[in-house]
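Peer 1: Chains as they are written, first to last, in this note's numbering: chain A, 61 to 175; chain B, 3 to 113.
Do not take every clue at face value.
Partial selection, computed: residues in chain A whose CB lies under 10 Å from chain B [as the list claims (entries may be wrong)]: (1) Gly76; (2) Asn88; (3) Tyr91; (4) Tyr95; (5) Gly100; (6) Gln105; (7) Asp116; (8) Arg128; (9) Lys129; (10) Pro135; (11) Ile137; (12) Thr163; (13) Gln164; (14) Tyr165; (15) Phe166; (16) Gly167.
Hint data in this document are derived by calculation from the structure and do not stem from the laboratory.
Note that CB positions come from ideal geometry on N, CA and C, so glycine has one too.
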Amino acid sequence: EAQVTQNPRYLITVTGKKLTVTCSQNMNHEYMSWYRQDPGLGLRQIYYSMNVEVTDKGDVPEGYKVSRKEKRNFPLILESPSPNQTSLYFCASSLQGALPSKTQYFGPGTRLLVL
Amino acid sequence: QKEVEQNSGPLSVPEGAIASLNCTYSDRVSQSFFWYRQYSGKSPELIMSIYSNGDKEDGRFTAQLNKASQYVSLLIRDSQPSDSATYLCAVNGLGTYKYIFGTGTRLKVLA
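Just chain A, with the same shape it has in the complex (with noise of 0.2 Å):
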């Protein structure tokens, strides 16, 4: 079954402490993206890959590290996460970023909340 999969799928944590949320695809899409969605502001973009050791800026990035080592897997990097990056996180990904009718298909979500 073609899928976007993202762990965990909630998480409390403490302020300061790192953490990881893992997210793979077995599509073998070349663009995958990490968005946060918050009440009245919508969905956001934090980070976007094009393809393996390629990745740029969303328009929310300040706190945020990724990393493409290989093409499935996207991972999203807290370092010292803060109360303000409480939110709910999707992972997506698309076969590729930028041609027209591209489809994102998007991960179950990651609900986060930094105490």
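Mind docking chain B on chain A? Use the hints.
Peer 2: Only chain B this time, still in chain A's reference frame:
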């Protein structure tokens, strides 16, 4: 000015009616436009994509794009209670890999 704007709603329509959802964007070089449906607590799901001026139809859904006026709309014909969700408009710029989403319009279809 927000780059992609949507009315937050809720937009309430009776079952069987046409629901009309609108989205305006500020960047004139925007190339591709998308409508996603998101049920409460779930991830967004692509409904329609459009990148040429005019209408694009897919079943009960029609996307309309007017680049001169910088708006894109989604019409849902014969609305069903199962269409009740938040609809997100997203825009992708020419030759870029960045996506800008609107904050979404909540649609309620009343049985």
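Peer 1: Hints first: check each against the structure and report whether it holds.
Peer 2: Status of the hints after comparison with the structure:
1. Gly76: At 29 Å from the nearest chain B Cβ, Gly76 (chain A) fails the 10 Å test, so the hint is violated.
2. Asn88: With a closest approach of 18 Å, the Asn88 (chain A) hint is violated.
3. Tyr91: Holds, because the Cβ-Cβ distance from Tyr91 (chain A) to chain B comes to roughly 7 Å (cut-off 10 Å).
4. Tyr95: Since chain B brings a Cβ to about 8 Å from Tyr95 (chain A), closer than 10 Å, the hint holds.
5. Gly100: holds (6 Å)
6. Gln105: Since chain B brings a Cβ to about 6 Å from Gln105 (chain A), closer than 10 Å, the hint holds.
7. Asp116: With a minimum Cβ separation of about 7 Å from chain B (threshold 10 Å), the hint on Asp116 (chain A) holds.
8. Arg128: Since chain B brings no Cβ nearer than about 13 Å to Arg128 (chain A), farther than 10 Å, the hint is violated.
9. Lys129: It is violated, given that the least Cβ distance between Lys129 (chain A) and chain B is near 19 Å, above 10 Å.
10. Pro135: Status violated, d = 18 Å.
11. Ile137: Ile137 (chain A) check fails; min Cβ-Cβ to chain B is 20 Å, beyond 10 Å.
12. Thr163: Given a least distance of 5 Å, the restraint on Thr163 (chain A) holds.
13. Gln164: holds (7 Å)
14. Tyr165: holds (8 Å)
15. Phe166: holds (4 Å)
16. Gly167: Holds, because the Cβ-Cβ distance from Gly167 (chain A) to chain B comes to roughly 6 Å (cut-off 10 Å).
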